[in-house]
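Trainee: Below, each chain spelled out in residue letters.
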Amino acid sequence: MGYVPDSALKQKEMLKVIGVDSVDDLYHQVPEEVRLKDLNIPEGKSELEVSRIMKGLAAKNVHYSSVFRGAGSYRHYIPAIVRGITSKEEFLTAYTPYQAEISQGVLQSIFEYQTQICELTGLDVSNASVYDGAVAAAEAIFMSLERNKNEAIIAGTINPETLEVIKTYCESRSVKLIVLEGEGYKTDIGELRKHLSEQTACFYVQSPNYYGVIEDVEKLAEAVHEYKARMIEGVNPISLGLLKTPGEMNVDIAVGEGQPLGMSLGFGGPYLGFMACTKELTRRLPGRIVGQTTDSQGNRCFVLTLQAREQHIRREKASSNICSNEALCAMTASVYLASMGPSGLEKVARSCLNNAHYLEQELAKLGFERVSKDEYFNEFVTTCPMDPAVLEKKLSEKEILMGLVLNDRILWCATELNDRNDIDGLIEAIKEVI
Amino acid sequence: MKLLFEESSQGRHLDLIPDCDTPEYRLSDDALRKRQARLPELSEVDLSRHYTQLAKQTHGVNDGFYPLGSCTMKYNPRIDEEMAGLEGFADIHPLQGQDSVQGSLEVIYRTKELLCEITGMDDMTLQPAAGAHGEYTGLLLIRKYHLDRGDTERVNIIVPDSAHGTNPASATMAGFKVINVPSNAEGGVDLDELRKVVGKDTAGLMLTNPNTLGLFDPNILEITKIIHEVGGLCYYDGANLNAIMGRVRPGDMGFDCIHLNLHKTFATPHGGGGPGSGPVGCKEFLRDYLPGKMTGKNENGYYLYTPAKTMGQVRSFYGNFLVVVKALTYILTLGKEGVKEASGKAVLNANYMKERLRKYYDVAYDTTCMHEFVLCLERLKKEKGVSAMDVAKASLDYGIHPPTMYFPLIVHEALMFEPTETESKEVIDEAVDVYVEIYEKAQSDPEYLHSAPHHCPITRPNETEAARNPILKYEWQD
Numbered sequence: 001m002g003y004v005p006d007s008a009l010k011q012k013e014m015l016k017v018i019g020v021d022s023v024d025d026l027y028h029q030v031p032e033e034v035r036l037k038d039l040n041i042p043e044g045k046s047e048l049e050v051s052r053i054m055k056g057l058a059a060k061n062v063h064y065s066s067v068f069r070g071a072g073s074y075r076h077y078i079p080a081i082v083r084g085i086t087s088k089e090e091f092l093t094a095y096t097p098y099q100a101e102i103s104q105g106v107l108q109s110i111f112e113y114q115t116q117i118c119e120l121t122g123l124d125v126s127n128a129s130v131y132d133g134a135v136a137a138a139e140a141i142f143m144s145l146e147r148n149k150n151e152a153i154i155a156g157t158i159n160p161e162t163l164e165v166i167k168t169y170c171e172s173r174s175v176k177l178i179v180l181e182g183e184g185y186k187t188d189i190g191e192l193r194k195h196l197s198e199q200t201a202c203f204y205v206q207s208p209n210y211y212g213v214i215e216d217v218e219k220l221a222e223a224v225h226e227y228k229a230r231m232i233e234g235v236n237p238i239s240l241g242l243l244k245t246p247g248e249m250n251v252d253i254a255v256g257e258g259q260p261l262g263m264s265l266g267f268g269g270p271y272l273g274f275m276a277c278t279k280e281l282t283r284r285l286p287g288r289i290v291g292q293t294t295d296s297q298g299n300r301c302f303v304l305t306l307q308a309r310e311q312h313i314r315r316e317k318a319s320s321n322i323c324s325n326e327a328l329c330a331m332t333a334s335v336y337l338a339s340m341g342p343s344g345l346e347k348v349a350r351s352c353l354n355n356a357h358y359l360e361q362e363l364a365k366l367g368f369e370r371v372s373k374d375e376y377f378n379e380f381v382t383t384c385p386m387d388p389a390v391l392e393k394k395l396s397e398k399e400i401l402m403g404l405v406l407n408d409r410i411l412w413c414a415t416e417l418n419d420r421n422d423i424d425g426l427i428e429a430i431k432e433v434i
Numbered sequence: 001m002k003l004l005f006e007e008s009s010q011g012r013h014l015d016l017i018p019d020c021d022t023p024e025y026r027l028s029d030d031a032l033r034k035r036q037a038r039l040p041e042l043s044e045v046d047l048s049r050h051y052t053q054l055a056k057q058t059h060g061v062n063d064g065f066y067p068l069g070s071c072t073m074k075y076n077p078r079i080d081e082e083m084a085g086l087e088g089f090a091d092i093h094p095l096q097g098q099d100s101v102q103g104s105l106e107v108i109y110r111t112k113e114l115l116c117e118i119t120g121m122d123d124m125t126l127q128p129a130a131g132a133h134g135e136y137t138g139l140l141l142i143r144k145y146h147l148d149r150g151d152t153e154r155v156n157i158i159v160p161d162s163a164h165g166t167n168p169a170s171a172t173m174a175g176f177k178v179i180n181v182p183s184n185a186e187g188g189v190d191l192d193e194l195r196k197v198v199g200k201d202t203a204g205l206m207l208t209n210p211n212t213l214g215l216f217d218p219n220i221l222e223i224t225k226i227i228h229e230v231g232g233l234c235y236y237d238g239a240n241l242n243a244i245m246g247r248v249r250p251g252d253m254g255f256d257c258i259h260l261n262l263h264k265t266f267a268t269p270h271g272g273g274g275p276g277s278g279p280v281g282c283k284e285f286l287r288d289y290l291p292g293k294m295t296g297k298n299e300n301g302y303y304l305y306t307p308a309k310t311m312g313q314v315r316s317f318y319g320n321f322l323v324v325v326k327a328l329t330y331i332l333t334l335g336k337e338g339v340k341e342a343s344g345k346a347v348l349n350a351n352y353m354k355e356r357l358r359k360y361y362d363v364a365y366d367t368t369c370m371h372e373f374v375l376c377l378e379r380l381k382k383e384k385g386v387s388a389m390d391v392a393k394a395s396l397d398y399g400i401h402p403p404t405m406y407f408p409l410i411v412h413e414a415l416m417f418e419p420t421e422t423e424s425k426e427v428i429d430e431a432v433d434v435y436v437e438i439y440e441k442a443q444s445d446p447e448y449l450h451s452a453p454h455h456c457p458i459t460r461p462n463e464t465e466a467a468r469n470p471i472l473k474y475e476w477q478d
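Chains H and E, in that order, are what the protein sequence lines are.
With our numbering, letter number 379 in the first sequence gets 379, and the count goes up by one each step, no holes.
With our numbering, letter number 194 in the second sequence gets 194, and the count goes up by one each step, no holes.
It is worth saying that the hints were derived from the structure and are not from the lab.
Even for Gly, the Cβ is constructed at its ideal location relative to N, Cα and C.
The reader is advised that the hints may include incorrect statements.
Stated by the list, open to error - Covered stretches of chain E, going by a simulated chain H footprint (3 or more residues, C-beta under 8 Å):
1. 28-36
2. 55-64
3. 338-344
4. 349-358
5. 377-385
6. 431-437
Said to hold, decoys possible - To list a few chain H residues with every Cβ distance to chain E over 12 Å, as calculated:
7. G2
8. E33
9. R69
10. I81
11. Y131
12. L180
13. E183
14. Q199
15. E222
16. K228
17. N250
18. G269
19. E346
20. T383
21. R420
22. I434
Input sequences plus hints: build the corresponding full structure.
Mentor: Next comes the structure, spelled out in structure tokens:
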């Protein structure tokens with residue numbers, strides 16, 4: 001029923017030292033009329049009882065053996081070493097590494113994470129993480145604002161969850177938001193040009209976008225830079241095992257959801273917002289950043305740095321209010337990337353690509369036609385030759401979570417877990433239903 | 001020690017996934033990156049040892065006493081971790097059909113109900129991912145409420161000078177102007193000064209109670225009344241809820257909305273700086289403005305909905321769900337008596353430690369404290385040249401994580417201690433002995449303290465150099 005170590009007797013001794021009779025006496029400053037008479041929650045329970053309750057709740061969820069749904073959250077293989085390392089109690093139970101002398105472990109791991117994010121994105125600087133990919137996108141827009149540039153243009157093909165968060169953030173700061181419209185599954189550069197102006201602070205595009213399509217980021221960036229605005233790209237980090245980096249395409253700020261890098265689906269969290277940018281924008285980055293320095297003996301060491309941007313120093317003038325971030329998720333991503341190595345990451349990315357294209361080909365044979373011809377990574381949209389709700393229910397009974405239904409269409413996803421056997425199983429299951 | 005990249009050896013790798021068995025697909029060359037990312041090439045043994053070394057250079061709650069004020073570094077129970085790792089929680093896609101996630105939705109709903117009862121609120125969102133994120137969400141709630149009533153003049157948020165730095169920063173992010181209000185001689189809000197700054201332009205007040213000095217403001221009912229009388233709302237920063245849970249509720253003190261830190265009060269681990277979880281609760285009249293993706297319950301079970309006048313989403317999906325699982329496990333374990341026992345012991349420990357230390361160090365406000373207290377080392381600094389920083393750094397050599405330094409800003413040479421309820425009398429006694437020893441060292445050999453710590457993996461780092469010439473990633477020699 002709790003984790004208080006001292007007996008009543010021992011507590012009495014302590015009260016005596018303080019010079020009061022009871023713990024209640026210590027609350028004498030609390031006005032009488034608001035003191036709580038009775039807290040109306042259940043009695044405490046033993047560990048065994050609580051574990052039965054929680055296991056009962058977990059059992060009420062349907063756990064699918066086969067998942068063809070992505071749309072922002074991806075089931076990948078998580079190497080055993082990742083959980084082994086990130087469950088170490090030193091990492092798990094430490095606070096933000098304010099005291100560098102006893103926090104070199106966490107600080108070095110963040111420095112390594114920052115290096116890996118820079119390598120993945122081809123950019124110069126990374127922060128130590130923000131809450132998730134959607135918040136990272138919103139924070140990147142804030143980074144781009146200038147005194148006379150207060151408009152943000154957003155591609156219409158981004159993840160709707162991200163768009164919701166961007167809208168909330170931008171409204172509170174009175175940033176003018178322009179969301180590109182259009183029929184297609186890929187951003188139309190002509191549409192972008194219609195809205196670019198001297199007031200444009202930035203353009204945000206996601207690639208691969210919500211529909212899986214690889215956008216012409218390089219061309220879009222060129223147009224954006226003509227107006228001295230910032231190019232922000234949202235990326236899937238696994239795709240960067242293969243795809244051209246934001247840095248190679250003249251992107252100024254790359255952001256993304258780091259969940260695919262070793263984090264479980266977790267019903268949406270905790271996830272990891274990563275952010276990287278060009279050197280020029282370093283001091284606009286929100287949140288913690290770890291830097292290398294030396295100690296008084298001249299040994300290499302790591303510290304939280306550039307803190308003049310942060311809330312605990314700058315208060316209302318800070319670049320962001322962020323304090324706690326997703327440090328352990330950043331470490332998870334770092335261990336994941338280190339365990340994969342350069343070839344392992346490329347192999348995961350290639351498997352995603354190949355499996356998705358095999359899935360597309362097999363689905364097409366059953367009348368699920370892809371709706372776009374553009375190149376894609378591991379997600380794509382098809383028509384559905386039957387009522388998608390019925391299909392979803394039938395497949396669910398076979399422990400398969402199919403693609404996400406978008407009105408009358410389906411957004412499919414394949415990762416390295418969806419190998420030939422898994423895909424053939426899906427196809428057989430659909431044949432039985434159709 | 002070496003970085004991952006310096007340990008890398010070409011060709012070394014782990015065999016993690018099989019060769020792909022579907023046909024090879026080729027993207028156009030233009031879509032591909034020119035070279036592989038320079039990730040380290042290591043064996044599993046290399047990795048395991050690397051991180052074991054890093055773990056040895058990290059101090060967590062499990063390594064020893066961690067009285068870091070304002071952070072509530074209580075013990076993080078293992079059962080909470082185990083429950084969050086259950087496949088039925090950890091491997092559930094956030095976009096599964098609602099019929100297939102009834103367990104997750106029940107976790108969210110039950111946690112929300114328990115936390116509403118503990119705080120005296122009527123509804124709550126679990127979407128915010130951390131305390132500051134919760135503050136931002138709560139302020140947007142306030143903003144939306146005023147605007148929805150056509151009250152566009154309310155542009156000011158009042159923040160006491162003892163507040164956490166996130167309060168003013170969040171207010172700015174939410175589009176407000178920050179008005180600072182000074183503290184009175186007792187460390188509470190100066191009522192006269194507060195009356196002077198309130199008016200038709202007051203959107204709300206942000207307050208931590210007990211405040212960052214560890215003091216419960218006895219004028220709390222008057223303070224919230226002053227704000228309400230001018231039409232403002234009262235926001236409760238829940239960072240210090242651990243002192244009062246089960247004993248007095250923000251909702252009963254006149255607060256209209258609050259945030260909690262599950263990673264403080266409800267024992268979920270900090271993870272070296274996150275993930276946290278910062279639920280935002282509110283009174284009935286604000287619930288229609290809460291963020292999207294709320295969980296409701298009817299005769300058919302649990303369902304997701306978006307409130308009528310929502311302020312919008314602040315994060316994707318439903319927040320840091322697995323952190324919520326841990327917090328629910330913790331609350332169910334403690335129950336009604338456990339919650340009250342925890343806050344009581346937290347306050348007892350702080351008062352006990354303060355009582356023992358005050359014979360040596362000056363207490364900033366020497367009265368009954370709540371779960372934390374602040375020492376003022378100005379005298380020691382003046383007489384012996386030993387600063388709060390020196391004392392904090394010296395404690396590192398004894399395996400104690402230092403208290404929060406130089407905060408709150410209104411106390412000079414401040415050290416803020418929060419022992420938490422999960423520490424025993426013996427642990428606190430040992431820590432007091434350490435601080436007494438440091439005090440004596442300050443009298444006899446202040447030089448030794450200026451260069452402390454002496455027995456840690458590193459000595460004091462050069463922070464100025466780090467900021468002046470930032471090295472923010474590993475640079476390859478080639």
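Trainee: Against each hint, give a clear statement of whether it holds in the structure.
Mentor: Here is what the structure says about each hint:
{"no.": "1", "hint": "28-36", "result": "holds (count 7)"}
{"no.": "2", "hint": "55-64", "result": "holds (count 9)"}
{"no.": "3", "hint": "338-344", "result": "holds (count 6)"}
{"no.": "4", "hint": "349-358", "result": "holds (count 5)"}
{"no.": "5", "hint": "377-385", "result": "violated (count 0)"}
{"no.": "6", "hint": "431-437", "result": "violated (count 0)"}
{"no.": "7", "hint": "G2", "result": "4 Å, violated"}
{"no.": "8", "hint": "E33", "result": "8 Å, violated"}
{"no.": "9", "hint": "R69", "result": "6 Å, violated"}
{"no.": "10", "hint": "I81", "result": "6 Å, violated"}
{"no.": "11", "hint": "Y131", "result": "4 Å, violated"}
{"no.": "12", "hint": "L180", "result": "20 Å, holds"}
{"no.": "13", "hint": "E183", "result": "23 Å, holds"}
{"no.": "14", "hint": "Q199", "result": "19 Å, holds"}
{"no.": "15", "hint": "E222", "result": "14 Å, holds"}
{"no.": "16", "hint": "K228", "result": "25 Å, holds"}
{"no.": "17", "hint": "N250", "result": "14 Å, holds"}
{"no.": "18", "hint": "G269", "result": "4 Å, violated"}
{"no.": "19", "hint": "E346", "result": "6 Å, violated"}
{"no.": "20", "hint": "T383", "result": "20 Å, holds"}
{"no.": "21", "hint": "R420", "result": "5 Å, violated"}
{"no.": "22", "hint": "I434", "result": "20 Å, holds"}
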